[in-house]
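Novice: From first to last, the protein sequence lines are chains A and B.
So the first sequence is numbered by our numbering: it starts at 1 and just counts up by one.
So the second sequence is numbered by our numbering: it starts at 1001 and just counts up by one.
Since the hints were derived computationally from the structure, they do not count as laboratory data.
All C-beta atoms in this analysis are idealised placements derived from N, C-alpha and C, irrespective of residue type, glycine included.
Treat the hints with care, as some may be off.
Unchecked claim - Some chain B residues judged to face chain A by a derived CB distance under 7 Å, without partners named:
#: 1; residue: L1090
#: 2; residue: N1099
#: 3; residue: F1103
#: 4; residue: G1104
#: 5; residue: A1105
#: 6; residue: G1106
Claimed, not checked - Lysine-lysine pairs mimicking DSS-like chemistry, simulated, CA-CA at most 27 Å apart:
#: 7; chain 1: A; residue 1: K69; chain 2: A; residue 2: K58
#: 8; chain 1: A; residue 1: K105; chain 2: B; residue 2: K1057
#: 9; chain 1: A; residue 1: K58; chain 2: A; residue 2: K42
#: 10; chain 1: B; residue 1: K1070; chain 2: B; residue 2: K1009
#: 11; chain 1: B; residue 1: K1083; chain 2: B; residue 2: K1009
#: 12; chain 1: B; residue 1: K1057; chain 2: B; residue 2: K1083
#: 13; chain 1: A; residue 1: K49; chain 2: A; residue 2: K68
#: 14; chain 1: B; residue 1: K1009; chain 2: A; residue 2: K105
#: 15; chain 1: B; residue 1: K1083; chain 2: A; residue 2: K105
#: 16; chain 1: B; residue 1: K1009; chain 2: B; residue 2: K1071
#: 17; chain 1: A; residue 1: K68; chain 2: A; residue 2: K105
#: 18; chain 1: B; residue 1: K1014; chain 2: B; residue 2: K1057
#: 19; chain 1: A; residue 1: K105; chain 2: A; residue 2: K42
#: 20; chain 1: B; residue 1: K1014; chain 2: B; residue 2: K1083
#: 21; chain 1: A; residue 1: K42; chain 2: B; residue 2: K1070
#: 22; chain 1: B; residue 1: K1057; chain 2: A; residue 2: K42
#: 23; chain 1: B; residue 1: K1057; chain 2: B; residue 2: K1070
#: 24; chain 1: B; residue 1: K1009; chain 2: A; residue 2: K42
#: 25; chain 1: A; residue 1: K69; chain 2: A; residue 2: K49
#: 26; chain 1: A; residue 1: K68; chain 2: A; residue 2: K58
#: 27; chain 1: A; residue 1: K58; chain 2: A; residue 2: K105
#: 28; chain 1: A; residue 1: K105; chain 2: A; residue 2: K49
#: 29; chain 1: B; residue 1: K1057; chain 2: B; residue 2: K1009
#: 30; chain 1: A; residue 1: K105; chain 2: A; residue 2: K69
#: 31; chain 1: B; residue 1: K1014; chain 2: A; residue 2: K42
#: 32; chain 1: B; residue 1: K1083; chain 2: A; residue 2: K42
#: 33; chain 1: B; residue 1: K1071; chain 2: A; residue 2: K42
To be verified - Listing some non-contacts, in silico: residues in chain B with all C-beta distances to chain A over 12 Å:
#: 34; residue: G1002
#: 35; residue: F1012
#: 36; residue: E1015
#: 37; residue: S1022
#: 38; residue: N1028
#: 39; residue: D1054
#: 40; residue: F1055
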Amino acid sequence: AQSVTQLDSHVSVSEGTPVLLRCNYSSSYSPSLFWYVQHPNKGLQLLLKYTSAATLVKGINGFEAEFKKSETSFHLTKPSAHMSDAAEYFCVVSDRGNNRLAFGKGNQVVVIP
Amino acid sequence: DGGITQSPKYLFRKEGQNVTLSCEQNLNHDAMYWYRQDPGQGLRLIYYSQIVNDFQKGDIAEGYSVSREKKESFPLTVTSAQKNPTAFYLCASSIEGANVLTFGAGSRLTVL
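Chain A on its own, in the form it takes in the complex (with noise of 0.2 Å):
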């Protein structure tokens, strides 16, 4: 079965600087990735998503993430953390064998003024 580590449950970042949210995965077939943002009391919104195309993937809000089969990874990426920022972050993963979603235990961000 697929099964994702987001390491740092809880990032702090500074306005302005970079954010790095790391996601190792695991997974019996080629994988279909996932980032997912949940804002206090929502529910989850599509970042972005790799499904064996490019594995560069630019998502919303300038988020990107980049697929390294070798490294069996899938880290977000944004050059310079907003305000706006501030939520938690779920990787996902699923097989192409099953439709079945692991979830992470995701990183809850905090950007600081």
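Fit chain B to the known structure of chain A by using the hints.
Specialist: Chain B only, in chain A's frame:
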């Protein structure tokens, strides 16, 4: 606008009571899902349904029940058998065969 509507947003329940959380979508999606979210735990799948009148248990189905009588609706009942029901519940939907989910805004259940 198309989307998923969950109600109520906040719900309080006494121990021993069943409660039903509503989930309605107007996206014409075939598949619908219920997830439970606890702090620091990520999301865990309770039930999912790929077509009307059919549904499957997820990873933590014990103490929950669902129905799928209409394509648009997938209500979740939290029964008194659920030992620790206080949580944030998220409903989602997707096009059949796709794995990109659209989420509702969630329902927060607190057991007093």
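Novice: None of the hints should be skipped; say for each whether it holds.
Specialist: Each hint tested on the structure:
1. Because the smallest distance between the Cβ of L1090/B and any Cβ of chain A comes to about 6 Å, under 7 Å, the interface hint for this residue holds.
2. Below 7 Å, beta-carbon pairs count as interface contacts, and N1099/B has one with chain A at about 4 Å; its hint therefore holds.
3. A distance limit of 7 Å between C-beta atoms decides the matter here; for F1103/B the minimum to chain A is near 3 Å, and the interface restraint holds.
4. At its closest, the beta carbon of G1104/B sits 5 Å from a beta carbon of chain A; the interface hint therefore holds under the 7 Å criterion.
5. The beta carbon of A1105/B comes within 5 Å of a beta carbon in chain A, closer than 7 Å, and the hint placing it at the interface holds.
6. For the restraint placing G1106/B at the interface with chain A, the shortest Cβ-Cβ distance is roughly 6 Å, inside the 7 Å limit, so the hint holds.
7. Using a Cα cut-off of 27 Å, the hinted pair K69/A and K58/A holds, with the two alpha carbons roughly 17 Å apart.
8. This hinted pair checks out: K105/A and K1057/B have alpha carbons roughly 21 Å apart, not beyond 27 Å.
9. Our distance criterion of 27 Å between C-alpha atoms is met by K58/A and K42/A, whose separation comes to about 23 Å.
10. The hinted pair formed by K1070/B and K1009/B meets the criterion: a straight-line CA distance of about 22 Å does not exceed 27 Å.
11. For the suggested pair K1083/B and K1009/B, the alpha carbons sit about 21 Å apart, so the restraint of at most 27 Å is met.
12. This hinted pair checks out: K1057/B and K1083/B have alpha carbons roughly 17 Å apart, not beyond 27 Å.
13. At roughly 14 Å between alpha-carbon atoms, K49/A and K68/A fall within 27 Å of each other, so this suggested pair holds.
14. For the suggested pair K1009/B and K105/A, the alpha carbons sit about 23 Å apart, so the restraint of at most 27 Å is met.
15. Simply put, K1083/B and K105/A have alpha-carbon atoms about 22 Å apart, close enough for the 27 Å limit, and the pair holds.
16. For the given pair, K1009/B sits about 22 Å from K1071/B by alpha-carbon distance, which is consistent with the 27 Å threshold.
17. The straight-line distance between the Cα atoms of K68/A and K105/A is roughly 21 Å, inside the 27 Å bound, and the hint therefore holds.
18. Pair hint K1014/B plus K1057/B holds up; C-alpha atoms about 25 Å apart against a cutoff of 27 Å.
19. A hinted pair counts as satisfied when its Cα atoms are at most 27 Å apart, and K105/A with K42/A qualifies at roughly 16 Å.
20. For the suggested pair K1014/B and K1083/B, the alpha carbons sit about 12 Å apart, so the restraint of at most 27 Å is met.
21. Taken as a hint, the K42/A and K1070/B pair is honoured in the structure, with Cα atoms around 25 Å apart against an allowance of 27 Å.
22. Annotation: proposed proximity of K1057/B to K42/A holds, straight-line Cα distance about 25 Å (limit 27 Å).
23. Pair hint K1057/B plus K1070/B holds up; C-alpha atoms about 18 Å apart against a cutoff of 27 Å.
24. The hinted pair formed by K1009/B and K42/A meets the criterion: a straight-line CA distance of about 10 Å does not exceed 27 Å.
25. A C-alpha spacing of about 15 Å is found between K69/A and K49/A, which places the hinted pair at or below 27 Å, so the restraint holds.
26. A hinted pair counts as satisfied when its Cα atoms are at most 27 Å apart, and K68/A with K58/A qualifies at roughly 15 Å.
27. Our distance criterion of 27 Å between C-alpha atoms is met by K58/A and K105/A, whose separation comes to about 22 Å.
28. Proximity of K105/A to K49/A is assessed by CA-CA distance (about 18 Å); at most 27 Å being required, the pair is judged to hold.
29. As the CA atoms of K1057/B and K1009/B are separated by approximately 24 Å, the hinted pair is consistent with the 27 Å bound.
30. With a C-alpha separation of about 21 Å, the suggested pairing of K105/A with K69/A holds against the 27 Å cut-off.
31. A distance of roughly 24 Å separates the Cα atoms of K1014/B and K42/A; the hinted pair therefore holds under the 27 Å criterion.
32. Proposed proximity of K1083/B and K42/A is supported: the alpha carbons are some 25 Å apart, at most 27 Å.
33. For the given pair, K1071/B sits about 24 Å from K42/A by alpha-carbon distance, which is consistent with the 27 Å threshold.
34. Here G1002/B stays apart from chain A, with its beta-carbon at least about 14 Å from theirs, past the 12 Å limit.
35. Every CB of chain A lies more than 12 Å from the CB of F1012/B, the least distance being 16 Å, so the non-interface label holds.
36. At roughly 24 Å from the closest C-beta of chain A, the C-beta of E1015/B stays outside 12 Å, upholding its exclusion from the interface.
37. Distance check for S1022/B against chain A: the nearest CB is about 14 Å away, which clears 12 Å, and the non-interface claim stands.
38. For N1028/B, the requirement that its beta carbon stay farther than 12 Å from each beta carbon of chain A is met, with the minimum near 18 Å.
39. Here D1054/B stays apart from chain A, with its beta-carbon at least about 15 Å from theirs, past the 12 Å limit.
40. The non-interface label for F1055/B is consistent with chain A: the shortest C-beta to C-beta separation is roughly 14 Å, beyond 12 Å.
When the structure is compared with the earlier hints, no violation turns up for any of them.
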